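Sequences and hints are given; from them, build the entire structure.
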Amino acid sequence: MSQIVDTPSTIETNTDFEVRSLDAMCVNDSHLVEPWYHNIKYALIGILFGITFIKAEIVSWFRIQEMFRFQSFHMYGVIGVAVVVGAISIQIIKRFKLKTIYGEPIELHNKSFNKGQIYGGLLFGFGWAITGACPGPLFAQIGAGFLAVSVTLLSAIAGTWVYGYVRERLPH
Amino acid sequence: MLQFLSQPWHWSVAGVLIGLTVPTLLLLGNRVFGISSNLRHICAACIPANIPFFKYDWKKEAWNLFFIGGAILGAVLAANFLKDPAPFQVAAATQRDLQALGVQDFSAMMPADLFGVDQIFTIKGLIFMVFGGFLIGFGTRYGGGCTSGHAISGLSNLQLPSLIATISFMAGGFLMTHFGLPLLFKLF
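Those protein sequences? They're chains G and U, same order as listed.
Using the working numbering, you'd call the opening residue of the first sequence number 1 and step up by one each time.
Using the working numbering, you'd call the opening residue of the second sequence number 1 and step up by one each time.
Hints listed in this document are in silico derivations from the structure and should not be mistaken for laboratory results.
Heads up, a few of these hints could be off.
The list that follows gives simulated cross-link-like pairs (lysine to any residue, SDA-like), each with its CA atoms no further than 20 Å apart [as the list claims (entries may be wrong)]:
no.	chain 1	residue 1	chain 2	residue 2
1	G	Lys-97	U	Pro-23
2	G	Lys-41	U	Gly-29
3	U	Lys-60	G	Trp-36
Here are the in silico distance ranges between beta carbons for each label pair [to be verified]:
no.	chain 1	residue 1	chain 2	residue 2	range
4	U	Leu-163	G	Val-33	31 to 41 Å
5	G	Phe-96	U	Phe-188	54 to 64 Å
6	G	Ser-112	U	Phe-188	38 to 48 Å
7	G	Arg-95	U	Ala-112	44 to 54 Å
8	G	Glu-104	U	Gln-99	51 to 61 Å
9	U	Ile-47	G	Leu-98	30 to 40 Å
10	G	Leu-154	U	Ile-123	17 to 27 Å
11	U	Asp-113	G	Glu-104	43 to 53 Å
12	U	Leu-183	G	Lys-99	48 to 58 Å
13	U	Asp-113	G	Phe-113	34 to 44 Å
14	U	Asp-118	G	Lys-115	36 to 46 Å
As the structure is a computational prediction, the values presented were derived from the model and not from experiment.
All C-beta atoms in this analysis are idealised placements derived from N, C-alpha and C, irrespective of residue type, glycine included.
Written as structure tokens, this is what we have:
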């Protein structure tokens, strides 16, 4: 419970700043208040993303098993290329100080280490191998018609909730 | 064209498209790609129960819920209109290993004998859906992210904590696959 990273940009009403700093993404907010329909553009990106997940079979339990058994290169290829493309893109954004389409400077925040990344990471890894899904594919599997996965999703939401409930008592 | 798109996509195509999600979300509005946060936003929106971890303005993160809503819709579209007529392929070695564990169905992306609707109220459902799902939700939040937030966004931005998290969840996956699953498959 030692990392308190308060980004000055974040207008925070919650005094438990760690709540946000521990989180992977919540610290990087746009400061603009947009009407809700501006979010539709994210839904459009999401559609393309969901199609990619299904067509590259990333949502398949078998592809994840192949990965963890070192019996196919497929998933390593997907993640590896994604990281390289993402890293080059971020270098370009930083180098040329690119702005968002609204003219805001793009902010990238550094993450701080805490032991939860190891313990939580291991637990998530167990769940990934059992269900064949990380959170993204969980949603996509349901969309692809594997309706029983709704149970997995509800249980994942419950898991997140229980984490929130016991968080203060866990080593971080 | 549709026929071409209906074949399984090569890993490099998927890798480029998923990688480009990172700058696209940044350029569209300073959003960081990370999906597991949605599980938290759903908790914050539906069952905050006065827990500090869920007391924040989740509406500010609604973009991510739109993103994942789009992903569900994209999956519906791909599964219905870009369906590959060829039989689903599983690596021969993997099929052999899984058959030895007791998996019987290799005809689709998810084995029906583990993830079929009729398995929900069985011991298999309890293990593969309820227990597995719980670990995903608890573990991703405890670890501060999942494959998208840590492995892709975090590594793209050269974050050491994300590398540690990625190594941890890969290690968890190897341990579960090689040591945990053989035990779990004995439970039914």
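Hints, one by one, checked against the model:
1. This hinted pair checks out: G/Lys-97 and U/Pro-23 have alpha carbons roughly 13 Å apart, not beyond 20 Å.
2. Restraint check for G/Lys-41 and U/Gly-29: the C-alpha separation of about 10 Å stays at or below 20 Å, so the hint holds.
3. Taking the CA atoms of U/Lys-60 and G/Trp-36, the gap is near 10 Å; set against the 20 Å cutoff, the hint holds.
4. Between U/Leu-163 and G/Val-33 the Cβ separation comes to about 35 Å, which falls inside the hinted range of 31 to 41 Å.
5. For the pair G/Phe-96 and U/Phe-188, the beta carbons lie near 56 Å from each other, so the given range of 54 to 64 Å is met.
6. Roughly 42 Å separates the CB atoms of G/Ser-112 and U/Phe-188, a value that falls within the hinted 38 to 48 Å.
7. Separation of G/Arg-95 from U/Ala-112 is about 49 Å and conforms to the stated range, judged on CB atoms against 44 to 54 Å.
8. Separated by about 54 Å at the C-beta atoms, G/Glu-104 and U/Gln-99 satisfy the suggested range of 51 to 61 Å.
9. Against the hinted window of 30 to 40 Å, the Cβ-Cβ separation of U/Ile-47 and G/Leu-98 comes to about 38 Å, which satisfies the hint.
10. A beta carbon spacing of about 18 Å between G/Leu-154 and U/Ile-123 agrees with the range 17 to 27 Å that was offered as a hint.
11. The beta-carbon spacing between U/Asp-113 and G/Glu-104, approximately 50 Å, falls within the hinted interval of 43 to 53 Å.
12. Distance hint check: the CB atoms of U/Leu-183 and G/Lys-99 are about 53 Å apart, consistent with the given range 48 to 58 Å.
13. Between U/Asp-113 and G/Phe-113 the CB atoms are about 41 Å apart, so this pair conforms to the stated range of 34 to 44 Å.
14. Our hint of 36 to 46 Å for U/Asp-118 and G/Lys-115 holds, since their Cβ atoms are close to 41 Å apart.
The structure fails none of the hints (numbered hints given earlier).
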